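Engineer: Note that the protein sequences, when read in sequence, are chains A, B and C. Each residue of the first sequence is one higher than the one before, starting from 205 at the first, in the numbering used here. Each residue of the second sequence is one higher than the one before, starting from 17 at the first, in the numbering used here. Each residue of the third sequence is one higher than the one before, starting from 109 at the first, in the numbering used here.
Keep in mind that the hints were calculated from the coordinates and are not lab data. Quick caveat: nothing in here was measured; it's all calculated off a predicted structure. Incorrect hints may have been included.
What the hints assert, rightly or not - Listed next, the in silico DSS-like pairs over lysine-lysine satisfying Cα-Cα at most 30 Å (straight line):
hint : chain 1 : residue 1 : chain 2 : residue 2
1    : B       : K302      : A       : K536
2    : A       : K272      : C       : K350
3    : B       : K89       : A       : K489
4    : B       : K89       : A       : K536
5    : C       : K393      : C       : K137
6    : C       : K350      : C       : K128
7    : A       : K394      : B       : K152
8    : A       : K419      : C       : K408
9    : B       : K31       : B       : K107
10   : C       : K214      : A       : K315
11   : B       : K86       : B       : K149
Stated by the list, open to error - Just so you have them, the derived chain A footprint on chain B, three or more residues with Cβ under 8 Å:
hint : region
12   : 51-58
13   : 118-126
14   : 137-144
15   : 309-315
Yeah, the Cβ is synthetic: ideal placement off N, Cα and C, and Gly gets one too.
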Amino acid sequence: MAKLLEKSKVDEFLKSFGEDALVLCPVEREGIVFFDVPSEGESITFDFANTKNAPKAAFFPQSECMYKYGRKGDVFEMTDTGYDDKPRVLFGVRPCDAKSFDILDRLFVNKEFVDPYYQAKRNSSTVFALGCSEPCRTCFCTSVDCGPFGTDGADVIMTDLGEKLLLEPLNEKGEKAIASLPDAPEGEIKKKETIASEAEGKIASKVDIEGIPEKLWEIFDHPIWEEVAERCLGCGACTYLCPTCHCFDIQDEVMKSDGKRVRNWDSCMFPLFTLHGSGHNPRTKQGERWRQRLQHKFNYYVENFGCTACVGCGRCIVNCPVNIDIREILGKVKNAEKVAVEEGK
Amino acid sequence: MGYEETTSKIRELAKEALESGKAEVVIGFAEGSLPGRYVPAFITNAEDANKLVWGPFTENNLARYLKDFKGGKVAICAKGCDSRSIVALLKEKQVDRDSLYIIGVPCSGVVDRTKLPDAGFVNSVSVNGDTLKVKKTVGEEDFSIAGILRPNCVVCEHHNPVISDVMAGEPVEDGPVDARYAMLEESEGKPDEERWAEFEKNTSRCIRCYACREACPMCYCPTCFVDNWQPKWIGAGQEQSDLDVFQIVRCYHLAGRCTDCGACVSACPMNIDIRRLLSRIEKSVKDSFGHEVGINLEEPPPLNTFSQEDTLEQVV
Amino acid sequence: MPYPVRIEKAEVATTDKMLKTFDLVFLDKEDEDAFQYEPGQFAELSLLGKGESPIGIASSPTEKGFLRFTVNKVGLVTQTLHQMKAGDTMGVRGPMGNWYPYEKMKGGNIVIVGGGFAFTTLRAFIVWLLDPSHRGDYGDITVVYGARNPGLLLYGDELDEWAKRDDIKIYRCIDWKFGPEGPIEEASAEGWVPINMKAPGETSIPAGQSTFTAFVPQMVEAAAPGSENSWAIVCGPPIMIKFTLPVLTKLGFKPDRIVNSLENRMKCGIGKCGRCNIGPKYICKDGPVFTLAELENLPKEY
Chain A
205 MAKLLEKSKV DEFLKSFGED ALVLCPVERE GIVFFDVPSE GESITFDFAN
255 TKNAPKAAFF PQSECMYKYG RKGDVFEMTD TGYDDKPRVL FGVRPCDAKS
305 FDILDRLFVN KEFVDPYYQA KRNSSTVFAL GCSEPCRTCF CTSVDCGPFG
355 TDGADVIMTD LGEKLLLEPL NEKGEKAIAS LPDAPEGEIK KKETIASEAE
405 GKIASKVDIE GIPEKLWEIF DHPIWEEVAE RCLGCGACTY LCPTCHCFDI
455 QDEVMKSDGK RVRNWDSCMF PLFTLHGSGH NPRTKQGERW RQRLQHKFNY
505 YVENFGCTAC VGCGRCIVNC PVNIDIREIL GKVKNAEKVA VEEGK
Chain B
17 MGYEETTSKI RELAKEALES GKAEVVIGFA EGSLPGRYVP AFITNAEDAN
67 KLVWGPFTEN NLARYLKDFK GGKVAICAKG CDSRSIVALL KEKQVDRDSL
117 YIIGVPCSGV VDRTKLPDAG FVNSVSVNGD TLKVKKTVGE EDFSIAGILR
167 PNCVVCEHHN PVISDVMAGE PVEDGPVDAR YAMLEESEGK PDEERWAEFE
217 KNTSRCIRCY ACREACPMCY CPTCFVDNWQ PKWIGAGQEQ SDLDVFQIVR
267 CYHLAGRCTD CGACVSACPM NIDIRRLLSR IEKSVKDSFG HEVGINLEEP
317 PPLNTFSQED TLEQVV
Chain C
109 MPYPVRIEKA EVATTDKMLK TFDLVFLDKE DEDAFQYEPG QFAELSLLGK
159 GESPIGIASS PTEKGFLRFT VNKVGLVTQT LHQMKAGDTM GVRGPMGNWY
209 PYEKMKGGNI VIVGGGFAFT TLRAFIVWLL DPSHRGDYGD ITVVYGARNP
259 GLLLYGDELD EWAKRDDIKI YRCIDWKFGP EGPIEEASAE GWVPINMKAP
309 GETSIPAGQS TFTAFVPQMV EAAAPGSENS WAIVCGPPIM IKFTLPVLTK
359 LGFKPDRIVN SLENRMKCGI GKCGRCNIGP KYICKDGPVF TLAELENLPK
409 EY
């Protein structure tokens with residue numbers, strides 16, 4: 205049953221989840237909108253296209269302590285710091301970002317191994333997606349199996365109706381979460397349907413990714429990769445702001461005789477990412493690293509988990525210091541000629 | 017000289033350089049995929065010289081790419097700040113003068129992207145004399161180019177290249193002397209805690225993507241201090257102290273070498289104002305050693321040389 | 109979280125001191141029981157405060173009570189590990205990865221080719237095969253193990269013991285006094301006999317001899333193990349693998365019967381951190397053991 209929520213009552217609604225719950229929503233800080241826990245004095249904003257950072261940090265923080273240890277004489281003692289399962293409410297996640305949760309779930313929580321740090325947070329969270337009534341020119345979500353009112357990965361889908369929000373539950377968790385709100389009249393629901401269908405048509409950027417996985421196998425050794433990466437700086441902006449990028453590093457941080465083992469985000473764009481202890485690096489050129497990024501997102505992930513690891517949010521395009529455009533590259537890949545692999549290579 | 021004329025001249029010079037063998041590659045700018053964005057371009061065929069453009073969107077410092085072309089003959093379109101970076105690189109023996117063909121381009125400033133409407137809602141950006149016409153998805157907005165320049169361009173003293181083999185335009189008027197340090201007056205006299213709090217607030221947004229480092233021509237260390245693990249200098253996570261130390265040490269490594277080109281600030285996805293600390297350090301170098309970055313090719317880098325006249329105050 | 113272990117023994121394994129063998133003992137019996145592993149798997153050796161290193165397990169699950177690792181001194185963690193001595197504690201996380209496909213190999217002959225310090229997991233497999241409960245399931249076992257000089261061969265004492273057995277053929281070879289045309293010096297290392305370098309097929313090996321001067325590929329060719337109903341496991345430096353594979357192919361081994369163990373930079377060991385992949389396969393979780401046939405389907409990114 206769809207519900208209605210006045211925007212003026214949003215703060216009250218979010219507080220109703222309890223003192224213990226961690227609420228994350230879009231907040232404006234000095235001209236940039238972030239998806240974060242509002243600090244003292246900050247409140248939710250609905251005036252944004254998409255947040256600068258991706259909400260993946262709610263389940264997969266940039267820096268996370270896995271366990272602690274300390275030295276007592278000659279012996280090390282390890283302390284299990286447990287898994288943070290504080291209930292979280294993610295309020296105002298765009299459908300592309302919500303879909304990223306579904307994509308990441310397939311890696312972090314699967315039959316082979318479960319990542320307990322991710323799972324604890326994910327299971328105790330409720331995701332309220334906010335549909336895009338006015339999509340950006342840089343969004344190409346409809347080309348990657350998503351849309352401005354997509355519902356993957358979310359528990360509730362909201363529509364901005366001006367002064368009010370329409371909330372539609374997508375599963376049992378969502379239903380329970382909004383049970384206390386007043387029912388939405390038929391008229392508002394109809395409004396949503398119009399907005400949603402119009403929004404789909406407003407997506408201006410389209411990329412044809414039909415057949416891309418097979419194509420990527422065919423052109424593994426193509427010279428196109430050097431061309432694609434020629435201006436790439438090798439920074440991590442695209443990977444860190446991307447909702448689906450998930451590569452990480454594990455480091456020890458020590459202070460005298462205590463320490464902790466920390467998981468930090470890492471980027472395949474960095475030259476040191478695959479550097480062996482022996483000094484050998486299988487990916488010395490930026491073109492090879494760019495190839496890895498594209499292959500991972502559009503080929504390997506499809507093969508391993510059945511979906512493309514890209515939601516078409518456009519953050520990488522807008523934030524790249526040298527305006528590398530993944531849409532352009534996909535177009536080049538589609539048109540590239542198949543390359544015969546050299547014998548005995 | 018208008019941007020169109022500069023563009024034609026650059027294309028002409030690039031074509032000539034490639035055809036005559038003065039260069040094997042020309043590094044310049046080409047149109048990006050987003051409106052109002054230029055991207056670094058690497059032209060190797062004379063026919064492709066027409067891809068080169070010039071305008072108020074040249075936010076990257078092209079001298080950053082010189083390290084990728086060592087050993088070959090390279091032509092590079094350099095604006096004022098870029099040319100000073102080239103001089104700094106020459107002084108540090110990172111580039112060979114004979115392998116460079118510098119196409120100097122006098123610069124009237126680069127537009128600050130953050131002052132324009134969100135890229136997601138812009139259809140096109142075009143230059144009309146002194147005005148930037150922005151066509152949004154809904155409506156239009158005009159901006160005076162001079163009014164939305166990057167902060168470092170507003171205070172830039174050296175609009176004209178200080179070194180070049182050929183010029184792609186008539187020199188323009190230089191800016192006021194030492195205006196880059198004017199921003200420091202703002203924090204003059206404020207208590208330390210307040211200044212430190214400002215600094216930490218600025219750096220707390222850092223996501224350690226290293227766009228700033230990669231965009232900077234002077235950051236060319238094969239292994240940056242942040243990546244060193246023997247010994248491990250700083251953590252790679254989001255501890256505020258790690259974020260602070262990263263910014264501080266990087267700025268210190270740039271002491272006496274930073275030309276205030278603004279490429280780092282333009283590259284930063286979090287809009288961190290990296291120039292504040294850099295300006296403070298550069299001023300300190302200028303006051304102590306009377307040295308300004310990238311002007312005098314003969315002058316050795318101040319922090320690499322020790323002369324008998326250096327006082328303890330200067331060195332410490 | 110890693111299991112706590114104690115170093116029982118730490119011995120330098122090679123004359124260049126770059127390799128050290130560690131025997132590790134679990135501090136908790138429960139952990140030891142939980143750590144059920146197969147030959148070919150690896151574990152992350154965890155030094156709290158320094159980091160972790162993925163190292164192949166050199167002991168076989170048939171050897172109870174300890175885990176053996178032979179570690180090359182390469183970086184921060186391994187350097188620190190080398191400085192540690194018996195009695196020190198550290199951690200072990202694992203077991204990880206897949207293992208040598210011994211189920212598939214049942215009833216067949218096995219040829220094991222190793223070079224340098226890649227022999228660690230091969231030792232695990234050999235000990236496992238020689239265990240009375242397993243030996244009967246397999247045919248001939250031939251082992252070719254080479255290094256630059258005798259001091260760089262691992263597990264010398266055990267190899268001597270195995271050479272005396274009649275249910276396994278051991279060929280050890282060194283190449284430091286051996287050039288492409290033949291022996292460089294008249295006298296090779298004492299006890300190490302050069303292979304007769306006539307045209308291939310006519311090389312002969314003196315009976316009862318187990319130590320030779322030769323390159324590994326030549327040794328394999330001379331030993332000429334039959335490829336009928338046989339499997340080959342090849343572990344070693346890239347150059348050794350490059351030249352050994354053609355020999356095996358010549359002898360009739362098909363790609364789906366040639367097994368390799370790969371290495372890449374790893375961190376998590378469970379296929380999540382994205383570092384060690386070759387194409388869609390993660391070396392830590394889908395490997396490190398791959399057949400040549402599988403590798404031919406993957407991009408050559410290693």
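Engineer: Of all the hints given earlier, name the ones this structure violates by number, lowest first.
Structural biologist: As far as the earlier hints go, 1, 2, 11, 13 and 15 are violated by this structure, in ascending order.
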